[in-house]
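Working from the sequences, and respecting the hints, build out all of it.
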Amino acid sequence: MLLIHCPYCEQDLPELEFAYAGEAHIARPTDPSKLSDEEWRDFLFIRTNPKGVHFERWRHLNGCARFFNAVRETVGDKFLATYKTGEPRPDITSLMGDAK
Amino acid sequence: MTTYRLPNRGRVDHGKPVRFSFDGKSYQGLAGDTLASALLANGVHLMGRSFKYHRPRGVVSAGSDEPNALFGTRRGAGRFEPNTRATIQELREGLDATSQNRWPSLAFDMGAINDNLGSLFSAGFYYKTFMWPRAFWDRVYEPVIRNAAGLGVSPSEPDADSYASRFAHVDVLVVGAGPAGLAAALAAGRSGASVMLVDENSEVGGTLLSEPAVTIDDKPAWDWLAATTAEFDALPNVTVMTRTTAIGYYHQNLVGLCQRLTDHLDTPPEGAPRERMWKVRAREVVLAQGALEKPLVFDGNDRPGVLLAGAAQTYLNRYGVKVGDRPAIVTAHDSAWYTAFDLAEAGAKPAAIVDVRATVDHALTDRARALGIEALLGRTVTGTSGRLRVKSLRVNRMDGGKAGEARDIACDAVLMCGGWTPCLHLFSHTQGKLTWDEALQVYLPGKKTETVQIAGAGRGLWSIAASLEDGANAGTLAARDVGCQAEAPAFTVSADRTGSGVTCKELPTDRDAGKAKAFIDFQNDVTAKDIRLAVREGMRSIEHVKRYTTNGMATDQGKMSNVNGLMIAADALGKAPPQVGLTTFRPPYSPTTFGSFAGYHKDATFEVTRKTPIDGWAEAQGAAYEPVSLWRRAWYFPKPGEDMHAAVSRECRGARASVGIFDASTLGKIEVVGPDAVTFMERMYTNPWAKLAPGRCRYGLLLGEDGFIRDDGVIGRLSADRFHVTTTTGGAARVLNMMEDYLQTEWPDLKVWLTSTTEQWAVVALQGPNARKVLEPFVEGLDISAEAFPHMAVAECTVAGFPARLFRVSFTGELGFEVNVPARHGRALWEKLWEAGQQYDIVPYGTETMHVLRAEKGYIIVGQDTDGTLTPDDAGLTWAIGKAKPDFVGKRSLTRPDMVAKGRKQLVGLLTDDPKVVLQEGAQIVADPAQPKPMTMIGHVTSSYWSDALGRSIAMAVVVDGRDRDGQTLHVPMPDGTITAKVVKGTVFLDPENARISV
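As given, the protein sequences belong to chains F and Z, one line each in that order. Numbering of the first sequence is given in my numbering, commencing with residue 24 and proceeding in unit increments. Numbering of the second sequence is given in my numbering, commencing with residue 679 and proceeding in unit increments.
If you are wondering where the hints come from, they were derived from the structure by calculation, not from laboratory data. Treat the hints loosely; a few may be bogus.
[As the list claims (entries may be wrong)] Facing chain F, a subset of chain Z residues (Cβ under 8 angstroms, in silico):
1. Gln1109
2. Thr1113
3. Glu1116
4. Gln1119
5. Asp1419
6. Gln1422
7. Pro1426
8. Arg1570
9. Ser1571
10. Arg1574
[Unchecked claim] With a Cα cut of at most 20 angstroms, we get these calculated PhoX-like pairs of lysine-lysine:
11. Z:Lys1535 - F:Lys101
12. F:Lys101 - F:Lys74
13. Z:Lys1561 - F:Lys57
14. Z:Lys1660 - Z:Lys1535
15. F:Lys101 - Z:Lys1126
Built from N, CA and C at the ideal position, the CB exists for glycine as well.
Written out as structure tokens, the structure reads:
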């Protein structure tokens, strides 16, 4: 069971309180009708699914109930950072340095 | 009976005899014994039969690595456990143990014929033998294999025991209480850090329990142990838990511990849990798991009486039991020599010490000579004899790397030692990397992924002095890492018997190696030749060799077998061991009961049962219940003598004829509030909301972004900025999550607040032509006449003196009201309406009647009539889409090519040709029943009921291009014949004009 840092509560809390919510930084297009079928398909279904650093969303479901973003390294299953919704992606290079 | 117990020796209580039985025969042991040591004290070595060949087997080890001595143990009804390890189970008064895998008896087992057919059961046997004919698999092979397979028998009664669980947070968790673990806990404990020290044995000490002659700080080992234990007792920050196995090491220093609480007690306290599962989050972990002794691999190394030398030393020194009078020692390591010396000093007459090494330390040979033990160096062992107990050992000289002249040595036990290997299990759970140590010929812990230290024999330090020092350093570092001031204690150790040795593959033989039964994995009956065969047949990866031969896949997790298997596979592959690699150890470390995993999650506390405020009334009425997500809901209200069918028909009639009362409190409810509430609703739901006037309701349809139906429900607009949203019972949490997701992350600019109000409102539905008559006298502040309060109206008012939100809605097709009152008033409201309804023969109805009534009207249930692949058009709900809206969740997907293509499944009505036949929900539908199998299925039945109102069965189904098939006859093949049914385009079976709703 992972410990996850909620950037709103500013606490490390057990995974049981959280729910995974898919890949991060995939904004809903402001006008979906302008998108081609292929573009809309990509928005709906195409995800990066990397072996390594993954930007993803979590929700502190059984806590403050806020959605937030996280950087997780999927091989070792380790969180490198969590940050609030709307904040820019953190710099991976410096995070990987911290992980070592 | 001969006793092998030595008086005044060991840690057992010689003044406390304990009676127990084995296969119905009564025996006596001592308090402090394990089942294994007590049987050995009685001269019993034959303890079980092997898994595949049914070979007679005895105990091999003295710890949790035991592969052979597995018993069924029983303590009264519901307390039977198969595969209890005799080496772990402590003796208790009346312990009832039975041997396994034998018929009719342990000494004469019919299954042993497999041993003579061994050539049929080679590696990959299952894969090769049962390939054909295909039809034999189901009828012949599988039943036979299933009957023969498995260790022991499953318990046949519910477990009468209870199990507990607990969380703990500590600074330092030390796993293993041998010299390294004790020193680590001392160092950390003295610094003030919170320390938890756990060990799977019944007492702390590890190796020290088997090495009483060692002195530490001028004290005999056991005195030092007592002083150390006393110091732990005096330190409030140190918790010591014995009988506690660290079963798994998970992320971020979470370690699972299984603590055995009552299995060792003569009489467990009433209600005491049998085991407790701990989840410990430690800032620092010190692994001091020690090392595991490896068997030597030679023909007949599995006979009863052949055991690990270190185990024999433990039985002697810890339990005061000689494993034999005339043991022969076979070793590749110095440590077994000390076992021989201890046994000789205790009165046994070791037959010989056979060492595969040509030279050893002179101190060893000198001591052997002094004790009158013959030492044979540079030998190989090529066989043993004895059916139920080893009688002799066949030893050969080595000539130029080959087995030469042979000689038989009479013995009553064979003590083998193939050296020691660090116990890497928990470290492997963390995905820690292993490093091959060429000098020690072992794998050691390498790159770490967690905040962990490995101390002592677990990283290849074999002596007690080195382990104490290493443990002290590890404990000190751990304490400093958590911010404590720590100094590593120093220890002076004497009489420490450090040894060294070599690592072997299977021992050379002068006989046909293909006929040798030289076991590597005793529990899964894997021999050296199986590994070589697997390599010859093309297995290159150690992971493939493992699965093909099942080496290391038994319940002992390869504790004894993995490294021997690797050495032989590496030799067969012509590679160095590190090029072959070790298979991954996975949790649990040793077999763990399901009960301890389940903990409190059983029976009534298996999971939460949600009950409505009206649940107690339904229970008093004798309602039958059904689970709906976590809720338990009244299913129907049977009267005496009624079955479900009769009760549901009566309830349906009552509601249609006069009035029914229904507990709808489980409906999901979300309050959507704020200046932008209407904008939010416009974007979330398919329907238009902007022009919905306050005081009016609308059916709302929710899609996923992929365009498929996710949920639905009636939504009331209470004021310009407030919506009362209802969802399906099971969908409430999902819908709120989805709404929150969009609100927080896509449209954070909207001023909207979402609140779950499901449990805040109790909802009582009155449905039927007399519903208004029952309700009207209770309503204050609102005119509920047909004109003033039409269908799909909502208003706040007072009902029976309680503040209420009153909806005029119908899920039955009848005149209907749903009264929402604060949950605490739900039961009182229900009882008042119930009483007032008596003059109209009011009938309470459950979810089954609700389902029938709604199906008669063709109202869908999301999740029953839809399955996550239905669009609004598929379900016939295009009317619920706001065509003029520029966007809503899922809108763009509705024009994707596949969503508008022909051949989609559409929801239609289905009427059986025989009106008495009720289709089975989920039944598959075909167009042509004469087509060859497998048939092309074109849909399935989603809802199907007997309709009392229509006097016939009705059904809904999703069928490919269903609406184009109006009037077509389709076929539903069932086991006892094919049912024919006709498609009706609409799903409304009753009152299509909605005349009954509008009264």
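Structure-based check of each hint:
The beta carbon of Z:Gln1109 comes within 7 angstroms of a beta carbon in chain F, closer than 8 angstroms, and the hint placing it at the interface holds. Proximity of Z:Thr1113 to chain F is violated relative to the hint, the smallest CB-CB distance being about 18 angstroms (cut-off 8 angstroms). Interface restraint check: Z:Glu1116 against chain F, minimum CB-CB distance 27 angstroms, threshold 8 angstroms, status violated. The closest approach between the C-beta of Z:Gln1119 and any C-beta of chain F is roughly 29 angstroms, which is over the 8 angstroms cut-off, so the hint fails.
For Z:Asp1419, the interface hint holds, the least distance from its beta-carbon to any beta-carbon of chain F being 6 angstroms, beneath 8 angstroms. This hint holds: Z:Gln1422 has a C-beta 5 angstroms from the nearest C-beta of chain F, less than the 8 angstroms allowed. Nearest Cβ of chain F to the Cβ of Z:Pro1426: about 7 angstroms, under the 8 angstroms cut. The hint holds. Among the interface hints, the one on Z:Arg1570 holds; its C-beta lies about 4 angstroms from the nearest C-beta in chain F, closer than the 8 angstroms criterion.
With a least beta-carbon distance of about 7 angstroms to chain F, the hint placing Z:Ser1571 at the interface is held under the 8 angstroms criterion. With 8 angstroms as the threshold, the beta carbon of Z:Arg1574 comes within range of chain F, its nearest partner Cβ sitting at about 6 angstroms, so the hint holds. Proximity of Z:Lys1535 to F:Lys101 is assessed by CA-CA distance (about 53 angstroms); at most 20 angstroms being required, the pair is judged violated. For the given pair, F:Lys101 sits about 12 angstroms from F:Lys74 by alpha-carbon distance, which is consistent with the 20 angstroms threshold.
Using a Cα cut-off of 20 angstroms, the hinted pair Z:Lys1561 and F:Lys57 holds, with the two alpha carbons roughly 17 angstroms apart. Our distance criterion of 20 angstroms between C-alpha atoms is met by Z:Lys1660 and Z:Lys1535, whose separation comes to about 18 angstroms. Taken as a hint, the F:Lys101 and Z:Lys1126 pair is honoured in the structure, with Cα atoms around 13 angstroms apart against an allowance of 20 angstroms.
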